[in-house]
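Starting from the known structure of chain X, arrange chain E on it as the hints suggest.
Protein sequence lines, in the order shown, are assigned to chains X and E. Under the working numbering, the residues of the first sequence are numbered 1 to 113, in order. Under the working numbering, the residues of the second sequence are numbered 1001 to 1111, in order.
Mixed in with the good hints, there may be bad ones.
[Claimed, not checked] Simulated DEER-style distance windows between Cβ atoms: (1) X:10 to E:1010: 26 to 34 angstroms; (2) X:59 to E:1040: 22 to 30 angstroms; (3) E:1058 to X:62: 20 to 28 angstroms; (4) E:1012 to X:80: 37 to 45 angstroms.
Think of the hints as simulated: they come from the structure by calculation, not from any bench. From the three backbone atoms N, C-alpha and C, an ideal C-beta is built for every residue, glycine too.
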Amino acid sequence: KAGVTQTPRYLIKTRGQQVTLSCSPISGHRSVSWYQQTPGQGLQFLFEYFSETQRNKGNFPGRFSGRQFSNSRSEMNVSTLELGDSALYLCASGTPGSQETQYFGPGTRLLVL
Amino acid sequence: GENVEQHPSTLSVQEGDSAVIKCTYSDSASNYFPWYKQELGKGPQLIIDIRSNVGEKKDQRIAVTLNKTAKHFSLHITETQPEDSAVYFCAARTGRRALTFGSGTRLQVQP
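Just chain X, with the same shape it has in the complex (with noise of 0.2 angstroms):
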């Protein structure tokens, strides 16, 4: 079974442009959350799509912003962006049922200059 994708790997922006990621799942996962990973605040969580609904929000700004289709894939969103936006934002797809394990894909890493 194939692991989860991410597209682009990377990407490179200039200040106030802004940038959309894709995510898909594993087959048969229809929860997809979108973390953001950064040498000094770790990995934090942004938000999580089930059923092509918002499940939970992180506590980033509006700028970020996502969705899910019927297919489970999922893209997120930033709009204007600014230099801290810089780092490698990770996929991670949930199995079905109530003990969800998540699954990472290798992450897209996004330079902002």
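Below, chain E alone, put in the same frame as chain X:
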């Protein structure tokens, strides 16, 4: 919200020795505790997890123990090998809330 503290931040062991990483959590209602291994340039990989109704779980050279009373859990790696070198993260979750991660431990296994 949940807070997870992880120690040590770096750990260096000789090949063949054991390594222990410890985490404490703040929410007594937390019921799921996974451990992830992250190698350079890769996403975190789940290596073992434990739920609150179990005190210990073992998978070959890796084991995790959970002390609900003290609110701490530990990862034990025996007979370490150079390929165990990576950053290890603990995490905790309450119900269907998001995972809260520890700050990570960089493990270096010296050949």
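Between residue 10 of chain X and residue 1010 of chain E, does the beta-carbon spacing fit 26 to 34 angstroms? holds (27 angstroms)
Cβ-Cβ distance between residue 1012 of chain E and residue 80 of chain X: within 37 to 45 angstroms? holds (42 angstroms)
Could you tell me whether the CB distance from residue 1058 of chain E to residue 62 of chain X stays inside 20 to 28 angstroms? Between residue 1058 of chain E and residue 62 of chain X, where Cβ atoms are some 45 angstroms apart, the hint is violated.
Cβ-Cβ distance between residue 59 of chain X and residue 1040 of chain E: within 22 to 30 angstroms? Since residue 59 of chain X and residue 1040 of chain E have Cβ atoms about 28 angstroms apart, the given range 22 to 30 angstroms holds.
Going down the numbered hints, you'll see the structure goes against just number 3.
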